[in-house]
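A.B. asks: These are the residues of each chain, in order.
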Amino acid sequence: MTEPLLSVRDIRKQITLHILDGKQVSPLRGVSFDLAPGEFLGIVGPSGAGKSSLIKCLNRTYLADGGTANYRSASGEIVDLLHAPERTMIRLRRTEIHYVSQFLKAPPREPALDVVASVIVNRGGDPAEARARAAETLGMLGIGPELQSSYPSLFSGGEQQRVNVARALVDPPRLLLLDEPTSALDAENRARVLEIVRRAQANGTAMIGIFHDIEMLQQLADNVIVLEDGLVTQHGPIGSVQIPGYIEAGAAEFV
Amino acid sequence: MEALTESGIRPPDTAGEQPLLRVEGLTKHYQSASGSRIVACEDVTFDVYPGEVLGIVGESGSGKSTVLQCLFQDVIPTSGEAYLSSFLGGSRNIWDADRRERRHLRTHDMSMVYQNPRQGLNLMVTAGGNIAERLLAAEWRKVADIRAKASDYLSRTEVPLDRMDDFPAFFSGGMQQRVQIAKALANNPALVLLDELTTGLDVSVQAGVLDLVRDIQHRLGMTAIVVSHDLGVIRLLADRTLVMKDGHVVEAGLTDQILEDPQHPYTQLLVNCVTH
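Sequence order for the protein chains is A and B. Letter 230 of the first sequence, counting from 1, is numbered 230 in my numbering, and no numbers are missing. Letter 60 of the second sequence, counting from 1, is numbered 60 in my numbering, and no numbers are missing.
In case anyone wonders, no lab produced these hints; they're calculated from the structure. A virtual CB, placed ideally from N, CA and C, is assigned to each residue, including glycine. It is possible that part of the hints are untrue.
Stated by the list, open to error - Chain B side only, calculated, beta carbon under 10 Å to chain A, not exhaustive:
#1 Asp47
#2 Glu52
#3 Leu210
#4 Arg235
#5 Leu236
#6 Asp239
#7 Ala252
#8 Leu259
#9 Glu260
#10 Pro262
#11 Gln263
#12 Gln268
Claimed, not checked - In silico negatives: residues of chain A with every beta carbon more than 10 Å from chain B:
#13 Ser150
#14 Gly158
#15 Asn203
#16 Pro237
#17 Ile243
#18 Gly245
Unchecked claim - To give an idea of the interface, some chain B residues facing chain A are shown, with a C-beta separation under 7 Å as derived from the structure:
#19 Asp256
#20 Gln257
#21 Asp261
#22 Pro265
Use the sequences and the hints to build the structure in full.
C.D. replies: Right, dumping it as structure tokens:
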């Protein structure tokens, strides 16, 4: 068997809300799985099951309270994403791990084209080439030249989501963390995202993706984890896992 | 690997890179008029890496500006050590520097952009003259070079060149701030200290100054410490952030983590006070 790209063991996350008299919530109560290079792992579960918390812990946007997440980097070193030095995380985020939040968080007053091109420029790429590739990627996602030169803060939710996807896939990373990247998209635009994600898959990008859309999941995922109340209740190939009813019900809203 | 300490602060990073600045145990106490001890900052420890922007956030009185004033030698700390790799190869505590070395630190190694342009600029010396002052202090000698550099940085910071020979006293607040930024960057110091650089400006002018700093950050890759009470400024500029309260660092981490998963009660309060 090939060495996993990412090996997650017993991730735990507890949040203490001091502003609510120390109220505690436990979004993750011991989650473990392996991700192979190039694998697409879908994550499903009811809302509040801990799906976003898991992805945020892997990106270190959340601090986990326990466990490890050993990631094998491009240079072959094993990095525990939960505990690596902050500077290491900054480097990995710039070069090989990309997190797509559910909502675009782009800097204000920066044209969509530059928002996307900056990913390549920050990796040391040539600015002119970066802009050309950004234009191509945005175009594939239905964001034309007119929108490319305006600020994403003025865009609709669906357009913002596509800028977010473009940023993730303009230069496909080694590991992509997707938090419901298509929740605000219609069928046509979901198909565009599907196409571009497939290209990255063919390119070898491994992905962990949260989807409420059963169709997207069936077309992309190799394996699926069902997360319930902070625990993995099922994990296996997409065909073998009983996808709970709430997934389809959720997707129906957008069909 | 490293666990969180009891206070929730991660131990310092060691990712193989060498920090540009290392600060250990910085403490500044003042004596009040009645003789009691006032803690401005206590046991502040952090690193800044080359090309990085470190944010320090906290309310007024938290000690965040004191940290910058100590680094820039405006204030001499009660105790603590700081090593800057550009200064004597990082071999000497900057607070053990003699007068001549101290001057060198202020003119060559670091620059400061103050909240109030009056502190950073001589308002009755022309905009170009202010930048020339800084370059002369850094031992630039040729008038033509100085003039060329001054106009280069004023245009980079979008100060109209036909105002170069005017006094900043007659400039708007936003333009004064841009001249201050031009002056701070003109001789390419190793470390730039930015103290509440948008506080007191109109929102639209704030946006212009922030865009300017971001642009410089992208094009010149400066290393900086940004002090602000405004989480929006920190979110936009800083890779990593320290949170200060009552003179102490209560939390440190990646900026997005500080904003999305704040650990300390004070940081949680701060994040939940943001209205946008």
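A.B. asks: So, against the hints stated earlier in the document, which numbers end up violated here?
C.D. replies: none
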